[in-house]
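2 protein chains.
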Amino acid sequence: MENRILLLLLTLIPGIGPARIKAITGYLNDLSDVLLADVHELMKVPGIGEPLARQIHNFLHHTEKRQESERAVLEQMAKLQSCGGHMVTMLDPDYPPLLREIYDPPPCLFVRGKLPQTEIPGLAIVGTRQASQYGKECTALLCRELVKSGFAIFSGLAFGIDMAAHTATLEQGGVTVAVLASGVDSIYTDPQGKLWPKIIERGAIISEEWIGSELTPGKFPKRNRLISGITLGTIVVESDLKGGALITAANALEQNREVFAVPGNIFSRTSQGTNRLIQQGQAKAVMHGDDILYELGSRFIKKAATKPATVGTPPSIRLTPEEQTVMRGLGDSPIHIDALAALTAIDVSTLLVHLFELELKAAIEQQPGQFFRKKGL
Amino acid sequence: MENRILLLLLTLIPGIGPARIKAITGYLNDLSDVLLADVHELMKVPGIGEPLARQIHNFLHHTEKRQESERAVLEQMAKLQSCGGHMVTMLDPDYPPLLREIYDPPPCLFVRGKLPQTEIPGLAIVGTRQASQYGKECTALLCRELVKSGFAIFSGLAFGIDMAAHTATLEQGGVTVAVLASGVDSIYTDPQGKLWPKIIERGAIISEEWIGSELTPGKFPKRNRLISGITLGTIVVESDLKGGALITAANALEQNREVFAVPGNIFSRTSQGTNRLIQQGQAKAVMHGDDILYELGSRFIKKAATKPATVGTPPSIRLTPEEQTVMRGLGDSPIHIDALAALTAIDVSTLLVHLFELELKAAIEQQPGQFFRKKGL
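Sequences listed follow chains A and B, in order.
For the first sequence, the working numbering begins at 1 and goes up steadily by one.
For the second sequence, the working numbering begins at 378 and goes up steadily by one.
Hints listed in this document are in silico derivations from the structure and should not be mistaken for laboratory results.
Wrong hints could be hidden among the right ones.
[Claimed, not checked] Mimicking DSSO-like on lysine-lysine, the simulated pairs with C-alpha atoms at most 30 angstroms apart in a straight line are:
hint, chain 1, residue 1, chain 2, residue 2
1, A, 242, A, 136
2, B, 491, B, 513
3, A, 136, A, 148
4, B, 513, A, 242
5, B, 456, B, 442
6, A, 242, B, 525
7, B, 513, A, 136
8, A, 222, A, 194
9, A, 148, A, 375
10, A, 136, B, 619
11, A, 148, B, 619
Please model the entire structure based on the sequences and the hints provided.
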C-alpha cells in the first residue's frame, strides 16, 4: 500500500491524533513497517502505551475496518482530485518545514493551488472579523512592505483582517496562502469566488480537514495552530480582548514563534486586544515591516528566500539610497560587519537591516562570521 | 547666617552644581559648618577635589564676592515674596522626598502655591506641544482616573499635552503642579492667566530657576529631570520621534522611575514616539489608569495617600460593583489574598488592583503577609 494512503488510514484510528502520528513516523524507518509491527514493537513508540498499541494493531489487522477505511481514504482522494487539489503529507519533502517542527503537525495537508517553495519565509497576518478602516490600512501597509521583503503571507480567509491580508498581498503581486478550518472545497466566506480563485492562482488554499467534513466551532482554534505553525511569526493587526487572533498568537508563543501586534487607539475596541498583547509583553509592537525584519534577525536570514516571493515578474534590483551606501562599502572580498559599519558610518543594527534587504535582493552574500561581499555574477 | 541663605549662596559658586551641593549637605552635620571648614576638610566631601575646595573656601572667605552674592540672594528672596512665593530647600523636611533621591536634586525650589503633602503620590503626564484630539482625550481619561486614585499630577505647563493635563486635573478637583524652566514669575505660555492662577490655588507652580533669570533652551531638559524626579513615574501621552517628553522619559529611566506611554495609531505622527518607547521596552503601555496602579504595585502602596488628593471636598467612599464584591469577601478578621481570590472568584492580579483602590478609599487595610480586612471604624 502507498505510504500516503497508509498515513491517512492511521488518522482514522480512534485515539490517534497528529502528535502520535508524528511519533510513529519519527520512530519507524519506513511507515509501511507499521503493518509488520506487533503490539510489543508499537509500544516502543514514545507516547504509545499498550491500549493504544493494541488499538492500532487491531485496526490494521481487522480486515473489515481497514477495508472500510481504505475506501474512505480513496474516496477522499478522488474528491480532492475532482476539485483540482492535491495532498502534501509529512512524508513528502515539500511539506512546510516550520509546520513539521510543531508538536502536532497535521499528517496531511489538502492543498488547492501551490504551497510556496519551502525556502520562502512566511508570516501570518490575522485579526478581528470586525476590522476597522484603521486595521485595513495597517494590513495593507504591512503586506506591501512584507511582500517587498520576500515574505509569503498566510491568513485564515475570515472576514475582516484576514481577507484584507489576502487581498493586499495579491494586489502587491505577492504569494498568499489561506488556511481553512473547513475542507478546501467549502469556502464559506467567499461563496461568490471573488477572492479565492486568485489565491489558488498565486498561492494556495490549504486545510487539514477532510473534504465534506462538518465545520464545527472547535475546528477554528485547531486551524489557528496551523496558521502560526507554518510561519516564522504571527502579526495581529486588530483584535478585541477576546477572539481567534489571540488564540493564534498564543499558539505562536507555544510554538516558539514570534508574535507581533499593531498598537492602536486606546478608545478603539478592536485595538484593545493588540494593545494588551503588547502591554503584557506577549507581542512586539509593529509600526513598519522593518520592525519585523529587525526582530526576526538571524532567524530570518537563515530561512529567507534570495528573491521576493512574487509571481510572474522577475525580481529587479532596486536599491534605496542607504542600500547604495552599503553597496559602495562592499567589494568582491568579504568585509566584516564591524568594518563595514565604520566604513559607512551606519550603526551595526541599522546596517543589519540593510544587509537583510540586500541579501533578499540577491545583491550581496553573507559568509560565516558576519562577513559580507557583493554577489558574484 | 541662615542655612537656607547659605545654601543659595553655595549655588552661586562657579563649578558647584546641584550634585555637589547634595554631596556637601550630605557630608556636613550642619550646613553652617561649611563656613568653618578649611580646604583640607572640604576635600573630604566626595566629588570635591583640591581646586574646587579652594574655590569654595575662597568664595566664602573673600568678603567682597560673598557680600555681593548675599545681596543677590536677599534680593531674590524679596522678589519671590513680592510675587507671593516661598522657598522649599533640600534642608527642609517638606522638600519632595522623591526629588531628594535623584542624583542632582535642586538645592532650592521656588514655589508659588503649595506643594502637595509629601505622602501624596505624584505622577507626571507629559507630551508633545502639537497634541492631537486623541492625545487630549487620553490625557483627560488618565487624569480623571488617576485623580480618583489619589495622585497629584505634575507637568510642564507647555502647550499641548502639558496644559491638557493641568486643566483636566483641575476639572477633576485634583492637585496639579507645574514645573517651569523659567522663574516662577514668568509664565510665558499663559500670559493671560487663564490657567496658572487656578494651579496656584489648588497646587503649585515651581522652578529651580531664579526669578528674573533668562530662559535659555538648555533649561528645558534641565527642568525635565525635575518633572520625572519629583514623581513615581512619567506618562508620555503623545510624542513625536523627538521631543522634550522623550527626554523626560529618559530622565525617569535614569532616575529609576517608571515610564509609561499611551499607544496610538501607527499613522499618527504624535504617536510615533510613544509607540517606539513601548516597542523598545522603555515604557509600559497604558490604556487605563489601572494599568499604572498595577505596575506601581507595592511601591505605590507604600507611598500612597489614604485618601484622594482632591481639595475642598472630603473623600466619600464610592465603590464599583467589583469592589463591592471584594468587600463582601472581607470581614473584621484578616483574610489571605489567595483565600479571597477563591471566595470572590476574581483572579489574584485583578484582585490586587481592587484592593489597591479599596485601600486608597480607606475601606480596607492590609496586614503583613498579604492579609486584608475591613477597616476598623
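Hint check:
This hinted pair checks out: residue 242 of chain A and residue 136 of chain A have alpha carbons roughly 19 angstroms apart, not beyond 30 angstroms. Among the hinted pairs, residue 491 of chain B with residue 513 of chain B is consistent with the structure: their alpha-carbon atoms are about 26 angstroms apart, no more than 30 angstroms. Of the supplied pair hints, the one linking residue 136 of chain A and residue 148 of chain A holds, its CA atoms being roughly 18 angstroms apart against a limit of 30 angstroms. Distance hint between residue 513 of chain B and residue 242 of chain A is fulfilled; the C-alpha atoms sit about 28 angstroms from each other, no more than 30 angstroms.
A threshold of 30 angstroms between alpha carbons decides the hint, and for residue 456 of chain B with residue 442 of chain B the separation of about 21 angstroms falls inside it, so the pair holds. Our distance criterion of 30 angstroms between C-alpha atoms is met by residue 242 of chain A and residue 525 of chain B, whose separation comes to about 28 angstroms. Annotation: proposed proximity of residue 513 of chain B to residue 136 of chain A holds, straight-line Cα distance about 25 angstroms (limit 30 angstroms). With a C-alpha separation of about 26 angstroms, the suggested pairing of residue 222 of chain A with residue 194 of chain A holds against the 30 angstroms cut-off.
For the given pair, residue 148 of chain A sits about 20 angstroms from residue 375 of chain A by alpha-carbon distance, which is consistent with the 30 angstroms threshold. For the given pair, residue 136 of chain A sits about 28 angstroms from residue 619 of chain B by alpha-carbon distance, which is consistent with the 30 angstroms threshold. With a CA separation close to 28 angstroms, the supplied pair residue 148 of chain A and residue 619 of chain B stays within the 30 angstroms bound.
Against the hints set out earlier in the document, no violation occurs for any number.
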